[in-house]
Amino acid sequence: NNPNAKSVLRRKPIPCLTCGHPTCSSHSSPTFSTKQIPICQPCAYLFELDFLVDVITTATASASAVDDNRQTLAIQTTCRQKVNDMIDCYDRAKLLLAYTAQYTDQIAQSLETR
958 NNPNAKSVLR RKPIPCLTCG HPTCSSHSSP TFSTKQIPIC QPCAYLFELD FLVDVITTAT
1018 ASASAVDDNR QTLAIQTTCR QKVNDMIDCY DRAKLLLAYT AQYTDQIAQS LETR
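Note that the sequence shown ends on residue 1071 in the working numbering; no numbers are left out.
Hints are computed from structural coordinates only; laboratory data are not their basis.
We put the beta carbon where it would ideally sit given N, CA and C, even for glycine.
Warning: the hint list may mix true and false statements.
To be verified - Here are the simulated DSS-like cross-link-like pairs (lysine-lysine), alpha carbons at most 27 Å apart as the crow flies: (1) K1039 with K1051; (2) K992 with K969; (3) K992 with K1051.
Said to hold, decoys possible - Restraint ranges, calculated between C-beta atoms of paired labels, are given here: (4) S1067 with L1003: 33 to 43 Å; (5) L1003 with A1031: 38 to 48 Å; (6) S990 with S1067: 39 to 49 Å; (7) L1068 with L1030: 42 to 52 Å; (8) D1011 with G977: 20 to 30 Å; (9) T1070 with S990: 45 to 55 Å; (10) D1007 with L1053: 25 to 35 Å; (11) L1003 with N1026: 47 to 57 Å; (12) Q1028 with T1057: 22 to 32 Å.
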């Protein structure tokens, strides 16, 4: 009859932002939970680089219908590099937006006076 155990059982877990399933401490993604983002473990894979590479590789492999391991490895390497480049581009854009956000009023005023 531990009162703390009862309160834990009564507390409703926060739903996953992607699928809506409960994200208690045993089902939430350790990577996202450190940032206070409720994402379950299966959905966390959707946000990983490997997921994007798997999707692109599968689509490319099924389109060419070639079962050559060296070609598949080359496609995976190329896809991984392109996704990394895309992520770098998004990171730069995010940094630029975060920096310019502090000057939004001045930029808008300057544009209006032109």
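Quick rundown of the hints versus the structure:
no.: 1; hint: K1039 with K1051; verdict: 18 Å, holds
no.: 2; hint: K992 with K969; verdict: 20 Å, holds
no.: 3; hint: K992 with K1051; verdict: 18 Å, holds
no.: 4; hint: S1067 with L1003: 33 to 43 Å; verdict: 40 Å, holds
no.: 5; hint: L1003 with A1031: 38 to 48 Å; verdict: 25 Å, violated
no.: 6; hint: S990 with S1067: 39 to 49 Å; verdict: 42 Å, holds
no.: 7; hint: L1068 with L1030: 42 to 52 Å; verdict: 49 Å, holds
no.: 8; hint: D1011 with G977: 20 to 30 Å; verdict: 24 Å, holds
no.: 9; hint: T1070 with S990: 45 to 55 Å; verdict: 47 Å, holds
no.: 10; hint: D1007 with L1053: 25 to 35 Å; verdict: 27 Å, holds
no.: 11; hint: L1003 with N1026: 47 to 57 Å; verdict: 26 Å, violated
no.: 12; hint: Q1028 with T1057: 22 to 32 Å; verdict: 43 Å, violated
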